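Peer 1: Sequence:
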Amino acid sequence: MATQDGSAEVIMESDTRPNDGEPLEGDSENASQTDSGNATTQDSSISNGDDTDEQQEMVDLKIIWNKNKYDLKIGIDNTGAKLKEKIHSLTGLPPTMQKVMYKGLLPEDKTLREIKVTNGAKIMVVGSTMNDVLAVNTPKEVIQQEVKAEENKKEPLCRQKQHRKVLDKGKPEDIMPAIKGTKERLPTVPLSGMFNKSGGKVRLTFKLEQDQLWIGTKERTEKVPMGSIKNVVSEPIEGHEDYHMMAFQLGPTEASQYWVYWVPAQFVDAIKDTVLGKWQYF
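According to UniProt numbering, the sequence shown is numbered sequentially starting from 1.
Just so you know, these hints were derived from the structure itself, not from any lab. This one's a predicted model, so the numbers in the text were calculated from it and none came from an experiment. Even for Gly, the Cβ is constructed at its ideal location relative to N, Cα and C.
Each computed EDC-like pair below joins lysine to aspartate or glutamate, with the alpha-carbon atoms no more than 20 Å apart:
no., residue 1, residue 2
1, 73, 57
2, 171, 238
3, 180, 235
What follows is a list of derived Cβ distance ranges for each label pair:
no., residue 1, residue 2, range
4, 211, 239, 32 to 40 Å
5, 227, 118, 31 to 39 Å
6, 227, 184, 18 to 26 Å
7, 72, 219, 41 to 49 Å
8, 219, 171, 17 to 25 Å
9, 68, 96, 18 to 26 Å
With these hints in hand, go ahead and build the complete structure from the sequences.
Peer 2: Structure, rendered in structure tokens:
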């Protein structure tokens, strides 16, 4: 471009690059795409609307089963069937074996809200596991008969080496008098003067009001719940048939038998009936 005096005007191009803080042409489109991508990522973490417990109004319940208490938090819009599943996870008791009680038998098809279950409510559960059912179907009387039949096939217990070392010590001097061929009720005093397997003195005290058998020695007294005694076996002592040797099975196998020697014969049946559940309140 010429000036008025005819000289040429030189125009210097200036740097037209934008400041660092300004977006380049097209950056707005990229930014828009980036924002869109971020929005997609955020949306993926949003709940899909499933009705989970966390989204429901919750109630705290006390589940009571088999003398045990469990705390359970559950959505109030869950059904009785869902509650049974939760109970199963707490107790191991299958839903089909459960009777759930809340103001009567709790219906499976209604929600806890419909049943008007309140926060802190106590839910009673009745039912037995398969192991409990099998145990009930094998009563102590059946076990005792099977043990007795097996014992008849073996040599007399009093001849076995493990018992001879105690019996060979002879009859204790302070043993209670015995009467062969008779049956008497349990005495009101402990049965004393007998030997245990180690040859130490032992006494038996039957605490009927506490449902316990106290097995006492010089060192200590074991208080055994009668319901935990699986079986009781006995056998007359050869040459002294007015006395018996007797074992209380305190665990699941014969290895847990607690042996007592020189038990007066007239009390043997009363001891078995008392321990195995045929109570005699005298």
